[in-house]
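2 protein chains.
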Amino acid sequence: MADYIESLQKLSEQFGRLQGVGRKSAMRMAFSVLEMEESAVEEFARALIEAKQLIHECPICGNLTDKEECSVCSDLSRDRGLICVVEDVKAVMSIEKVREFKGVYHVLHGVISPINGITPDKIRFRELIERAGDGSVREVIIATNPTPDGEVTAGYISKYLKPLGVKVTRLAYGVPVGSDLEYADEVTLGRAIEGRRDV
Amino acid sequence: MADYIESLQKLSEQFGRLQGVGRKSAMRMAFSVLEMEESAVEEFARALIEAKQLIHECPICGNLTDKEECSVCSDLSRDRGLICVVEDVKAVMSIEKVREFKGVYHVLHGVISPINGITPDKIRFRELIERAGDGSVREVIIATNPTPDGEVTAGYISKYLKPLGVKVTRLAYGVPVGSDLEYADEVTLGRAIEGRRDV
Numbered sequence: 012m013a014d015y016i017e018s019l020q021k022l023s024e025q026f027g028r029l030q031g032v033g034r035k036s037a038m039r040m041a042f043s044v045l046e047m048e049e050s051a052v053e054e055f056a057r058a059l060i061e062a063k064q065l066i067h068e069c070p071i072c073g074n075l076t077d078k079e080e081c082s083v084c085s086d087l088s089r090d091r092g093l094i095c096v097v098e099d100v101k102a103v104m105s106i107e108k109v110r111e112f113k114g115v116y117h118v119l120h121g122v123i124s125p126i127n128g129i130t131p132d133k134i135r136f137r138e139l140i141e142r143a144g145d146g147s148v149r150e151v152i153i154a155t156n157p158t159p160d161g162e163v164t165a166g167y168i169s170k171y172l173k174p175l176g177v178k179v180t181r182l183a184y185g186v187p188v189g190s191d192l193e194y195a196d197e198v199t200l201g202r203a204i205e206g207r208r209d210v
Numbered sequence: 012m013a014d015y016i017e018s019l020q021k022l023s024e025q026f027g028r029l030q031g032v033g034r035k036s037a038m039r040m041a042f043s044v045l046e047m048e049e050s051a052v053e054e055f056a057r058a059l060i061e062a063k064q065l066i067h068e069c070p071i072c073g074n075l076t077d078k079e080e081c082s083v084c085s086d087l088s089r090d091r092g093l094i095c096v097v098e099d100v101k102a103v104m105s106i107e108k109v110r111e112f113k114g115v116y117h118v119l120h121g122v123i124s125p126i127n128g129i130t131p132d133k134i135r136f137r138e139l140i141e142r143a144g145d146g147s148v149r150e151v152i153i154a155t156n157p158t159p160d161g162e163v164t165a166g167y168i169s170k171y172l173k174p175l176g177v178k179v180t181r182l183a184y185g186v187p188v189g190s191d192l193e194y195a196d197e198v199t200l201g202r203a204i205e206g207r208r209d210v
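Note that the protein sequences, when read in sequence, are chains A and B. Taking the numbering used here, the leading residue of the first sequence gets 12, the next gets one more, and so forth. Taking the numbering used here, the leading residue of the second sequence gets 12, the next gets one more, and so forth.
Treat the hints with care, as some may be off.
Note that identical chains are pooled: a pair holds if it fits in a single copy or bridges any two copies.
Stated by the list, open to error - In silico BS3-like pairs for lysine-lysine, Cα to Cα no more than 30 Å straight-line:
1) Lys21 x Lys108
2) Lys78 x Lys113
3) Lys35 x Lys21
4) Lys35 x Lys101
5) Lys133 x Lys35
6) Lys178 x Lys21
7) Lys133 x Lys78
8) Lys78 x Lys170
9) Lys173 x Lys78
10) Lys173 x Lys21
11) Lys35 x Lys178
12) Lys35 x Lys78
13) Lys170 x Lys21
14) Lys133 x Lys173
15) Lys35 x Lys173
16) Lys35 x Lys170
17) Lys21 x Lys78
None of these hints come from the bench; they were simulated from the model. From a predicted model like this one, the values you see are computed outputs, not experimental measurements.
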């Protein structure tokens, strides 16, 4: 039936393009929209456009923001001598939730993965070296995911930063190996920050 | 973090309002949007607005459509003497998928449920009686869900239609095809025995 209601089908396809949304869920979401007030649907459409237009990478750390600099970089109380290196913005969100880390971030937007053709120049690696090597940074905590690629990336970063006199640490293996930071619970993540070690 | 990216938070809340979407999924969807091309996001926003503006109830059967009449009612090959009564549009979609039913539909948009204060005048009951009683309808198949409220509604409809000389039938109850008798509940099994047929 829905195949014959063109505009419903189109909307369902749009939901189906989102990560992790299957065909049945997409159709259920499209039906949900029909049950909303027209003004609410317009608000939804506006939120889509606005998020896409306003959100960009922070020029300092690569985190997402809809301001000039991200909320962490523009917070004067954060310790600029302590940089936490993460793979993506979701990891920033996870660590921020713990409210334990008082430094700033550096989002790589990926990890080095020779098998997938991702070399250091394809991620924000050079920016990290420049940032961490300017003399004001005491310590870099590498919080890439505990996966083989994450480990390789951590090792690579460490090799470049140590000669610059920067202390390099790695999140403790409190986080289960092979998982994704996004799904780590807050206690585990808190312990992992507490127990970080030299690499 | 996302709490501080206002436009991302807003978008995530919009997704979270959809039926069956939790907080984490909503945030993942919002991130998906950021990864889309700007033109694709605009298309998504347009699909939302268009679906809401164009889709309405078919004036004949109550099914959804973005045309004047729904695709079933406007299909001249469908048998107008045979009406299948369903609770909602999703049921129409399910039955259409089978490609076995050649009649038309009547969507009640609910079931009679005294406990929830849903009386016959709150669903499209009067419209059904008018439609089925105009002399051109041979049979009405009641396909409300096999729940207590669905049963009450079926009985109520039947009581009104039979005096009008319309044949009233109900979907057969029984064990689902491909299932195991061991797992069938007693009521279903009881109905299946009751409704047994010659082979």
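Taking the hints in turn, this is what the structure says about them:
Taking the shortest Cα distances, Lys21 and Lys108 sit within 30 Å of each other only across copies (18 Å), while inside one copy they are farther apart (36 Å). Taking identical chains as interchangeable, the C-alpha atoms of Lys78 and Lys113 lie at most 30 Å apart only when both belong to the same chain, with a minimum of 20 Å there against 58 Å between chains. For a Cα distance limit of 30 Å, the shortest separation of Lys35 from Lys21 qualifies both inside one copy, at 14 Å, and across copies, at 25 Å. Taking identical chains as interchangeable, the C-alpha atoms of Lys35 and Lys101 lie at most 30 Å apart whether they share a chain (26 Å) or sit on different chains (11 Å).
In this assembly of identical chains, Lys133 and Lys35 lie within 30 Å of each other by CA distance solely across copies; the values are 28 Å between and 36 Å within a copy. For a Cα distance limit of 30 Å, the shortest separation of Lys178 from Lys21 qualifies neither inside one copy, at 53 Å, nor across copies, at 39 Å. For the identical chains of this complex, Lys133 and Lys78 are intra-copy neighbours only, at 25 Å inside a copy versus 49 Å across copies, given an alpha-carbon limit of 30 Å. Proximity of Lys78 and Lys170 under a CA criterion of 30 Å is satisfied in neither setting, with 34 Å inside one chain copy and 65 Å between copies.
Within a single copy, Lys173 and Lys78 get their C-alpha atoms no closer than 33 Å, and across copies no closer than 68 Å, so neither meets the 30 Å cut-off. In this assembly of identical chains, the alpha carbons of Lys173 and Lys21 never lie at most 30 Å apart, being 53 Å within a copy and 41 Å across copies at closest. In the homo-oligomer, the alpha carbons of Lys35 and Lys178 never lie at most 30 Å apart, since the shortest distance is 50 Å inside one protomer and 35 Å across protomers. Within a single copy, Lys35 and Lys78 get their C-alpha atoms only as close as 37 Å, which misses the 30 Å cut-off; across copies the closest is 24 Å, which meets it.
With identical chains, the CA atoms of Lys170 and Lys21 are never at most 30 Å apart, being 50 Å at best within one copy and 41 Å at best between copies. Taking CA atoms no more than 30 Å apart as the test, Lys133 paired with Lys173 passes inside one copy only; the shortest distance there is 22 Å, against 73 Å between copies. Proximity of Lys35 and Lys173 under a CA criterion of 30 Å is satisfied in neither setting, with 51 Å inside one chain copy and 37 Å between copies. For the identical chains of this complex, Lys35 and Lys170 are neighbours neither inside a copy (48 Å) nor across copies (36 Å), given an alpha-carbon limit of 30 Å.
For the identical chains of this complex, Lys21 and Lys78 are inter-copy neighbours only, at 15 Å across copies versus 33 Å inside a copy, given an alpha-carbon limit of 30 Å.
Comparing the model with each numbered hint stated earlier shows that hints 6, 8, 9, 10, 11, 13, 15 and 16 do not hold.
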